[in-house]
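Undergrad: For reference, the chains in residue letters:
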Amino acid sequence: MSVVARAAALIVAFLCVVGLGVFVAVYYIGSATTQLPIVHYTASNGQVNVVLQEDPQNDSTTRPDWVTYYTQDPSTKQWLHTTLFSVPANTKVNVTIYGFDGCTPLRNNYFSEVQGTLGGTVTVSQFDQHGKEYLTDQAMSVINSWSNCNVGHSFAIPDLGVFVPVASPNAQLSANNLCSSSPCSTTGNPYARETFSFMSPSQTGTYRWQCFVPCGGGFLDGNGGPMQTLGWMMGEMDVVSA
Amino acid sequence: MAIEIQPERAEPTGGDPGLAGAERPWWRRFGVHTGLVGAVAGYFLGHWLGNFLGGGFDRSSLADTNDVALVLGYAFGTLGWLVGLGVFNDLFLMLAGKPVREEPRLLGLQEPGLAKYFRYTLDHKVVGIQYLYGMIVYFLTGGLFAMAIRSELLSPTYHLMGPDQYLMVVGEHGTMMMMMMSSVILGPFGQYFGPLLIGSKRVAFPRLEALGFWLTVPAYFILLSAVLMGGFPTGWTGYEPLATQATQGEDAYFFAFGLMGISMILAGFNMIVTIINYRAPGMRWSRLPMFVWSMFTVSFLQVLAVPVLVGACYMALLDRTFQTAFFANQLGGSSFLYEDLFWFFGHPEVYILALPGFGVISEIISVFCRKPLFGYKVSIAGMLGVGLASFFVWQHHLFDSGINPDMRPLFMLTTEIISIPTGFIFLVAMGTFWKARIRFSIPMLFALAFYFNFLIGGISGVFLSDVPADTTEHGSFFVMAHFHYTIMGGLIFAFFAGIYYWLPKMTGIKLNEKLGKIQFWTMFIFFNTTFLPLFALGLMGMPRRVFEYARNLETLNDWVSISAFCLGVSVLIFVINFVMSMTFWREPEAGNPWRARSLEWQLPTPPPPDNFRRVPVILAGSYDYGVPDPLPVADFNPPPGVIGTAYAPASGRVEG
Amino acid sequence: MSAAGTPAVAGADASREPRHGWRLFSIWVVLSVAACLVIWFVWYPHMPPGRMSDSARGEQFDIAVLAVSAAPVIIGVLLYFTYAIVVWRARPGDESDGPPIYGNTKVAATWIIGTTLVVLWLFVFGTVQLVVPAGAGAGEGPSPIFKLAGTQAASWTPGTSDMLQVQVIAQQWAFTYRYPQFGGMESTVLDLPVNTPIEFHVTSLDVIHSFWAYKLGVKADANPEVDNVAYTTAKATGGFVVRCSELCGIWHGAMYNNGTVLSQGAFQAWAAGVQGKEQRQGVLAALPAYALTYDPTVIPQLGKNIVQIDGITGAAGYYYGSSNPVTP
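In order, the protein sequence lines correspond to chains H, A and W. Everything in the first sequence is counted per my numbering, starting at 1 for the first residue and increasing by one. Everything in the second sequence is counted per my numbering, starting at 1 for the first residue and increasing by one. Everything in the third sequence is counted per my numbering, starting at 1 for the first residue and increasing by one.
Since the hints were derived computationally from the structure, they do not count as laboratory data. These figures come from a predicted structure and were not determined experimentally. A portion of the hints provided could be inaccurate.
As the list claims (entries may be wrong) - Covered stretches of chain H, as calculated for chain A (at least 3 residues, CB under 8 Å):
| # | segment |
| --- | --- |
| 1 | 55-67 |
| 2 | 139-148 |
| 3 | 203-215 |
Said to hold, decoys possible - Pairs of lysine-lysine residues, derived as DSS-like cross-links and limited to a Cα-Cα distance of at most 27 Å, are as follows:
| # | chain 1 | residue 1 | chain 2 | residue 2 |
| --- | --- | --- | --- | --- |
| 4 | H | K92 | W | K277 |
| 5 | W | K106 | A | K435 |
| 6 | W | K235 | W | K147 |
C-beta: ideal position from N, C-alpha, C; glycine also.
Hey, can you work out the whole structure from these sequences and the hints?
TA: What follows is the structure, encoded as structure tokens:
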């Protein structure tokens with residue numbers, strides 16, 4: 001081959017490789033968080049209100065058999081399919097979790113104990129699909145997931161010592177009437193509403209959070225799939241300077 | 001003695017292009033393009049079949065993934081690739097009773113153009129060059145993943161990538177390196193120079209040898225395809241039961257590893273038979289070059305240890321697809337079974353990686369010290385000793401895992417014993433250097449760096465073999481430093497030594513010396529600044545495969561990361577050197593620039609298609625430097641009748 | 001192989017040829033002694049993993065001894081190569097070959113015997129150091145043979161020789177700790193008493209993890225349905241970090257917690273306090289009975305009989321099927 005032809009071939013090959021590399025780097029290896037929106041909560045009166053919901057598996061998500069969390073955008077009140085949010089440091093964080101999924105026992109029932117919240121309790125209300133509130137604002141320090149059907153999932157930030165079981169609709173409702181389209185709405189679906197608070201730390205950084213109920217159906221020990229994918233049953237809480 | 005399917009031609013006609021009759025243009029012959037078509041067709045067929053078979057499994061419907069479809073897709077895709085490539089053509093022709101098509105094999109390297117490198121070819125020299133380019137591509141890919149790892153580890157708190165992507169990158173880097181690099185010296189140099197060094201015109205099983213190479217290509221792409229599926233979270237060791245729990249990327253890992261394993265088995269098998277049966281008359285075992293001895297040992301390791309891996313991968317895939325429970329403790333299986341199967345392969349694997357490096361370097365130091373190799377028999381004992389003992393040490397990866405406690409002193413002993421034959425390599429080197437006349441060519445520089453790196457790597461292995469000390473060091477960055485020193489500092493430096501040494505013979509082109517020296521010095525310095533601090537990091541409590549670490553370790557990690565980027569630049573310098581030298585500068589280097597005595601340097605460049613016009617008679621060993629009036633290493637035109645008397649003691653008919 | 005070789009030890013040509021062997025040997029002795037002294041007196045006191053427990057001290061000692069044993073080897077080889085490339089390099093323009101030395105039986109024999117002796121010394125030393133400090137903090141599996149002396153008691157009392165039993169339960173992705181001698185209470189915090197023999201029982205509920213208490217010098221893999229026992233005695237109070245050191249999935253890198261070694265009285269107060277609190281809250285009653293391993297597919301106390309669930313498909317088995325055990 002002549003020198004010119006070789007040079008041309010070489011330049012073309014080089015550009016292809018570089019292009020492929022850049023594509024791979026940006027699209028795949030780039031941070032997952034650039035593909036998932038981060039919900040930013042800003043403080044008012046020294047507090048932030050984080051609102052989450054966890055949904056049963058249903059056909060309206062890209063993975064019909066995966067359970068998932070959703071996070072509510074504070075300004076638009078839209079439910080975003082993400083598990084990344086940020087709170088300011090040294091602030092009281094009030095968390096509200098809507099539990100739409102039915103009950104599943106914890107693998108390690110020790111996580112039935114509420115840990116790391118202010119007051120050591122969570123406050124639970126339960127509603128049926130007609131909106132009737134059959135349990136009102138019950139403060140609980142333990143929700144025993146093995147004694148009857150009452151825990152759907154959990155929310156834990158291990159680095160901060162926050163471990164909270166998330167209540168679910170009761171056994172009858174879990175079996176028959178669960179929400180079938182995500183994000184679930186409180187109208188027409190049974191759910192449990194749980195609130196608790198904790199103080200965000202003064203050290204900024206990213207704190208992971210996860211669920212301790214192995215609900216990944218089809219995966220060995222239930223800890224695969226949604227349990228190991230950002231945006232589903234695990235996420236990150238960024239603590240930013242206030 | 002030679003086992004021939006076709007009678008050897010009395011008068012070689014190498015170089016005559018009219019040999020095979022009319023040649024069809026490249027796109028009408030079997031090659032990579034037809035292989036690709038076959039691969040795609042096979043993948044879709046397999047995927048459909050898998051959906052048909054396994055679509056109804058609870059596991060599939062609950063997890064929204066169908067591993068059966070994916071695995072069968074890979075399997076049929078690989079088969080389609082091989083069929084499309086033309087691997088089975090001769091087989092089908094023979095089954096049909098037709099004569100095997102005369103491939104212009106005997107043109108070999110002299111066939112003009114690049115198309116021969118993209119085809120299933122039976123000339124071991126072409127296969128060697130295919131391996132060379134393949135291995136460089138695989139190495140660079142793995143290296144890019146390493147750069148990503150070090151980028152993430154720059155900060156313990158700010159994360160460049162999500163935790164799932166970090167694990168994917170870690171797994172891809174490790175598997176790409178450990179899996180594909182097992183042939184990094186045996187492939188390019190072993191396949192190319194093995195027959196040349198023993199005076200043979202060919203390998204015993206050229207079809208198996210070429211198949212071994214062409215299996216690495218689907219293995220590479222299947223491994224990379226894991227990226228599209230979110231990667232695999234187990235790292236290169238694939239520990240169960242996490243591997244069963246993982247999503248689909250894990251199938252890609254197991255399947256690719258299994259494919260590469262088959263490639264290694266075939267290559268090893270071919271090499272053993274070639275070395276035993278195809279040595280030229282006079283090439284006694286006591287005259288065999290050290291590189292050939294290392295290939296011979298490694299081939300046994302491959303043939304004996306790799307099948308265990310293929311079995312383990314197969315069982316793991318069954319666990320993941322048809323819900324068997326080989327490795328699930330709570331269903332009656334055992335996670336320890338996987339660990340044992342894997343490491344029974346895994347330990348010989350690291351010697352498969354290390355031993356060819358010993359072989360190459362032994363050749364090089366003899367040439368550039370202008371002295372015979374000191375203690376030839378000791379060196380062989382070292383190689384064979386390491387190879388044999390490597391089967392008896394694997395439990396040292398499992399010291400803390402809950403194995404029977406009385407096993408641990410036993411395996412501590414065997415692991416420490418294996419350092420004795422490893423030490424022989426250093427004895428041989430030191431003896432060869434005694435009162436030598438050392439020339440610091442680039443291969444020699446890499447050889448010296450090899451000894452330096454392997455010394456540190458080997459000694460740190462002794463630290464790890466001590467069970468109490470291993471309590472702190474296991475699973476930490478200390479282990480990382482140890483194996484990067486032995487494998488990258490050993491094998492990869494030996495690979496570069498081999499390239500600079502042998503490229504003039506393979507292609508007639510020599511790599512630019514100035515760039516080569518720059519590459520050497522940057523690579524050596526930055527390699528050490530990157531990996532030496534990892535010993536400290538490990539001892540200070542940083543586990544492996546983590547994306548977060550204690551904040552007080554950040555400075556050291558930053559130093560390591562910056563050094564790693566510089567190391568990447570040094571490899572880039574090599575790539576530039578290689579590409580520019582091969583395509584533009586093309587400084588010719590024919591003949592024997594190193595004035596070496598070994599057989600391959602006595603041939604023209606590039607060697608003729610059937611290597612030797614006539615089978616040579618070997619008269620002396622290739623290490624007879626400094627001997628006044630030495631015998632020539634071989635007689636390339638032995639008069640008729642001489643061969644019978646000079647024949648090596650082996651049974652069989654004499655080849656004319 | 002040709003056995004013709006000039007003796008490698010120099011001195012054959014005493015008039016002009018410098019005695020390389022003696023030169024090398026003397027430099028090597030000086031450097032080795034210096035290195036060993038520096039390692040032992042300067043580095044050893046600061047060697048990881050520190051002195052917080054007897055197993056950590058043992059490991060620190062081992063690493064120092066290994067370093068002292070390895071230093072002369074490293075120095076010897078590096079010195080030799082440096083000497084060789086300085087003294088024996090080819091002068092520019094010199095195209096001649098070196099002397100045809102094929103081997104030297106004496107040198108080879110010395111080397112082989114020497115390396116064998118070093119290896120045997122390391123083996124004996126390593127075995128002794130494994131046996132004497134009760135397994136050196138490494139996980140010994142369900143039937144340990146190197147044990148600490150200590151009384152196996154149903155409850156732990158400070159000031160006695162009672163061994164404290166701590167069960168480490170590894171799950172994806174946090175460690176929890178159970179103290180059977182305190183009613184089987186469980187905690188996410190690992191507090192330990194000082195100067196007490198401690199018996200760790202490490203197990204896992206899902207995949208393979210590894211319990212690595214760095215400063216205590218304890219590392220034991222956590223396998224599902226396997227009880228891995230490790231021993232140590234903490235010798236100083238203070239904080240330490242526990243990290244997972246076997247890749248266990250996505251949050252492996254973040255799977256760590258802090259622990260503290262307290263005085264015996266403070267530990268007793270803490271443990272009793274946690275036990276009391278969990279008893280009052282009903283958590284203690286909600287935990288399964290203390291056992292050395294747990295089958296994660298068995299969920300007791302569901303108001304029904306103990307239910308066996310297919311572990312392949314997640315904690316609750318056919319979660320969305322009609323055989324869902326929580327379906328009334």
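Undergrad: Each hint: holds or not?
TA: Consistency of the hints with the structure:
Given a C-beta distance limit of less than 8 Å, the hint that chain A covers the segment 55-67 of chain H holds, as 4 residues qualify and 3 suffice. For a cut-off of 8 Å, the count of residues in the segment 139-148 of chain H with a CB near a CB of chain A stands at 0, and the three-residue condition is violated. Coverage of a stretch by a chain is defined here by at least three residues with a beta carbon nearer than 8 Å to that chain's beta carbons; for the segment 203-215 of chain H and chain A the count is 3, and the condition holds. Of the supplied pair hints, the one linking K92(H) and K277(W) holds, its CA atoms being roughly 25 Å apart against a limit of 27 Å.
A distance of roughly 17 Å separates the Cα atoms of K106(W) and K435(A); the hinted pair therefore holds under the 27 Å criterion. A threshold of 27 Å between alpha carbons decides the hint, and for K235(W) with K147(W) the separation of about 17 Å falls inside it, so the pair holds.
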